[in-house]
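Colleague: Whole structure, please, built from the sequences with the hints as guidance.
The opening residue of the sequence shown carries number 1 in UniProt numbering; numbering runs sequentially from there.
Just to be clear, a hint being listed does not mean it is correct.
Stated by the list, open to error - In silico lysine-lysine, DSSO-like type, Cα no more than 27 Å apart, as pairs: (1) Lys285 <-> Lys296; (2) Lys237 <-> Lys123; (3) Lys84 <-> Lys193; (4) Lys120 <-> Lys237; (5) Lys120 <-> Lys144; (6) Lys258 <-> Lys237; (7) Lys258 <-> Lys144; (8) Lys258 <-> Lys296; (9) Lys280 <-> Lys123; (10) Lys144 <-> Lys193; (11) Lys280 <-> Lys258; (12) Lys84 <-> Lys296.
Treat the hints as calculated values from the structure; they're not laboratory data. Predicted, not measured: the structure shown is a model, and the values here were computed from it.
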Amino acid sequence: MKNVMRVSIVLFLVFLIACQAENQESNEQEEPVEEAADTSNSTEATETNEEAVEETSETEEPAENQDQTDDVEVTQPVSEPLYKVSENWSLVPLEEGTNENVVLLTIDDAPEQYTLEMAKTLKELEAPAIFFVNGHFLETEEQKDILRQIHEMGFAIGNHTYNHQRLTEADEATQEEEIRSLSVLIEEIIGEKPEFFRAPNGANTDFATSLVEQEGMLLMNWTYGYDYFEPYMDADKLKTAMITGEGPEVDVPYSLLKPGAILLMHDREWTSAALADIVKGLREKGYEFADPSAIKLP
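Modeller: Shown next as structure tokens:
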């Protein structure tokens with residue numbers, strides 16, 4: 001009987017040992033499966049993250065583009081006109097309360113030699129002006145680039161005829177060609193038609209006056225100017241004449257300077273040299289410089 005019990009106990013122990021071995025073997029086979037499952041989850045997570053990054057990048061692009069758009073300088077709309085040009089060639093306020101103590105700077109025969117230098121001087125002094133240009137000074141790429149530069153500085157560009165033709169000595173066909181061909185050229189260079197016109201020597205004709213109005217330009221002469229007279233082809237003398245308005249050496253012993261005066265100057269060496277002092281001197285006398293965009297057009 002004891003022998004039977006011993007055998008039973010032995011068999012039972014053998015059975016337990018066998019079961020434990022089987023369980024251990026089973027656990028050892030399952031571990032790689034768990035690792036594979038972890039690797040699979042890691043891959044899915046990586047792909048999900050990559051997709052998220054791609055989606056984030058795609059959604060961020062409009063924001064980046066928006067930032068670029070925000071950086072673009074937007075041109076402000078032109079304000080309502082403040083002045084008109086009178087029959088005696090000066091600026092007159094359109095409404096009471098508008099500053100009368102203004103003068104308008106205009107520079108003819110651009111861009112011959114000193115236009116860019118003069119434009120930089122005025123830009124630094126924050127003094128607006130109209131540059132009246134001639135077509136025969138716009139026939140090279142360098143000259144055209146100068147025109148673009150002064151336009152990009154914010155200066156108004158005016159039509160002064162293509163060849164500086166004295167209109168009173170030309171037939172109507174020639175007058176029309178002189179005016180219209182230059183307006184076309186200016187628009188090709190700066191993308192805008194000129195809004196102001198000045199006849200060479202201030203010599204207008206009825207035909208030219210009518211044509212200029214049809215073209216949407218404002219005809220403009222001047223109140224005074226001295227740099228084309230020989231006695232004032234000197235920076236110091238010119239400075240004094242332009243600031244005082246007096247030109248005694250050309251029979252103008254009285255001052256032509258007044259509120260609204262339109263000042264005539266040219267692309268000349270002595271004018272360029274005197275320009276900064278002229279601007280400062282007129283400001284010291286209490287005058288501001290009218291912005292051409294504030295002038296009423298036809």
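Colleague: Confirm or reject each hint.
Modeller: How the hints compare with the structure:
1. Lys285 <-> Lys296: Judged against 27 Å, a Cα distance of about 26 Å means the pair holds.
2. Lys237 <-> Lys123: The hint holds at about 24 Å.
3. Lys84 <-> Lys193: Distance ~20 Å between Lys84 and Lys193 Cα, so the pair holds.
4. Lys120 <-> Lys237: Distance ~22 Å between Lys120 and Lys237 Cα, so the pair holds.
5. Lys120 <-> Lys144: holds (17 Å)
6. Lys258 <-> Lys237: holds (20 Å)
7. Lys258 <-> Lys144: With a Cα-Cα distance of about 35 Å, the restraint between Lys258 and Lys144 is violated, given a limit of 27 Å.
8. Lys258 <-> Lys296: Judged against 27 Å, a Cα distance of about 20 Å means the pair holds.
9. Lys280 <-> Lys123: Cα-Cα ~13 Å, so holds.
10. Lys144 <-> Lys193: Status holds; Cα separation ~15 Å.
11. Lys280 <-> Lys258: Since the Cα atoms of Lys280 and Lys258 sit roughly 16 Å apart, the hinted pair holds (cutoff 27 Å).
12. Lys84 <-> Lys296: With a Cα-Cα distance of about 5 Å, the restraint between Lys84 and Lys296 holds, given a limit of 27 Å.
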